[in-house]
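*Asks:* If you count by numbering that gives the first Met the number 0, then the sequence shown holds residues 0 to 298, one letter each, in order.
Take these hints with a grain of salt, some might be off.
[Said to hold, decoys possible] Only pairs whose alpha carbons sit at most 30 Å apart, straight line, appear in this in silico DSSO-like list of lysine-lysine: (1) 249 with 199; (2) 253 with 203; (3) 203 with 227; (4) 207 with 225; (5) 207 with 166; (6) 199 with 253; (7) 207 with 246; (8) 203 with 246; (9) 207 with 152; (10) 166 with 203; (11) 199 with 227; (12) 249 with 207; (13) 246 with 199; (14) 166 with 199; (15) 203 with 249; (16) 227 with 207.
Think of the hints as simulated: they come from the structure by calculation, not from any bench.
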Amino acid sequence: MTDVLFEEDPPREVLPEGEHDADALLLNIDGFEGPIDVLLNLARDQKVDLTKVSILQLARQYLTFIDRAQELRLDLAAEYLVMAAWLAYLKSRLLLPKENDGEEVDAETMAEALQFQLRRLEAMQQASEELFGLPQLGQDIFPRGMPEGLTTKMDTTYDASLYDLLKSYGDIERRQEFTNYELPTFSLMSMEVAMQRMTKMLGKLPRKGPWSVWTTLTSFIPEGVKDKLYVRSAMASCFTVGLELAKQGKVEIKQDGLFRPIYLRAAVDRLEDDYTEDETGQDNAQSEDTAEVEHDTGT
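Produce the entire structure from the sequences given, and follow the hints as far as they go.
*Replies:* Listed below in structure tokens is the structure:
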């Protein structure tokens, strides 16, 4: 069987015979009457028949002790709970059938293990008391009212090789692929198209003496266009063309108020001359193109 090593118990204060600690858990059950630690020691030395000890009475008397633990030390109650649990475990080992697993541990070894756990618990409690006995921040010692902080100095150390540097540079270059930038194109109305459209539409307006009737600037915008950008460009181009024609004395522009509609009317005589010249030029250009096509065909 594997030997279990435990530390030696620290010396305890020996009380006179017949006297017990005031905080001790005193048991009065069938077959035993006295402190629980004495019962544990007797069970270890096999001087008490655990089969005659009632675990039910042990649990009830421990619960009664816990009810009084508010006036006692809770750590002491925890130690007694461990003792009671080990006593119950020892009795269960006696009552249950033995298993031939080759690793059975006798009651004395388990009792020594219990003592070791209790000593370890006592050591942790003592360390906790010593820790809380140290000077406390804000109670025994106080920090400086205006701390200056700590200055941190960072030293950078590079351990990359020449191969690592070249590889990193190559990765960056591969990511920077050259691409042809193509400007986005937009459908807009140019000044030339606006000039031709307005000249043609103004020439077809009804005449009222030397002038045509008034018409709004928005009437020159093509109908059925859903592209808002094209509509805005058409408005700007037509307005610019209207100002240019007004400068030449071919149209008049008026507006009744701020943010009100803009009206235009044409000087029909001057506008017809320009319109006739434009149509004549377009007809001549078409005739020349037709003649060139016929000449090529004949050849």
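*Asks:* Hint by hint, note whether the structure agrees.
*Replies:* Checked hints:
With a C-alpha separation of about 13 Å, the suggested pair residue 249 and residue 199 falls inside the 30 Å cut-off, and the hint holds. Annotation: proposed proximity of residue 253 to residue 203 holds, straight-line Cα distance about 20 Å (limit 30 Å). For the hint pairing residue 203 with residue 227, the CA-to-CA distance comes to about 27 Å; that is within 30 Å, so the pair holds. A hinted pair counts as satisfied when its Cα atoms are at most 30 Å apart, and residue 207 with residue 225 does not qualify at roughly 34 Å.
At roughly 82 Å between alpha-carbon atoms, residue 207 and residue 166 are farther apart than 30 Å, so this suggested pair is violated. At roughly 20 Å between alpha-carbon atoms, residue 199 and residue 253 fall within 30 Å of each other, so this suggested pair holds. Between the alpha carbons of residue 207 and residue 246 the distance comes to roughly 21 Å, so the proposed pair stays at or under 30 Å and holds. With a C-alpha separation of about 21 Å, the suggested pair residue 203 and residue 246 falls inside the 30 Å cut-off, and the hint holds.
In summary, the hint linking residue 207 to residue 152 is not supported, as the alpha carbons are separated by about 90 Å, beyond the 30 Å threshold. Between residue 166 and residue 203 the CA atoms are separated by roughly 73 Å; this puts the pair beyond 30 Å, and the hint is violated. Simply put, residue 199 and residue 227 have alpha-carbon atoms about 24 Å apart, close enough for the 30 Å limit, and the pair holds. This hinted pair checks out: residue 249 and residue 207 have alpha carbons roughly 15 Å apart, not beyond 30 Å.
For a cut-off of 30 Å, the pair hint linking residue 246 to residue 199 stands: about 18 Å separates their Cα positions. A threshold of 30 Å between alpha carbons decides the hint, and for residue 166 with residue 199 the separation of about 68 Å lies outside it, so the pair is violated. Restraint check for residue 203 and residue 249: the C-alpha separation of about 14 Å stays at or below 30 Å, so the hint holds. As the CA atoms of residue 227 and residue 207 are separated by approximately 34 Å, the hinted pair breaks the 30 Å bound.
Checked against the numbered hints listed earlier, the structure breaks hints 4, 5, 9, 10, 14, 16; every other hint is satisfied.
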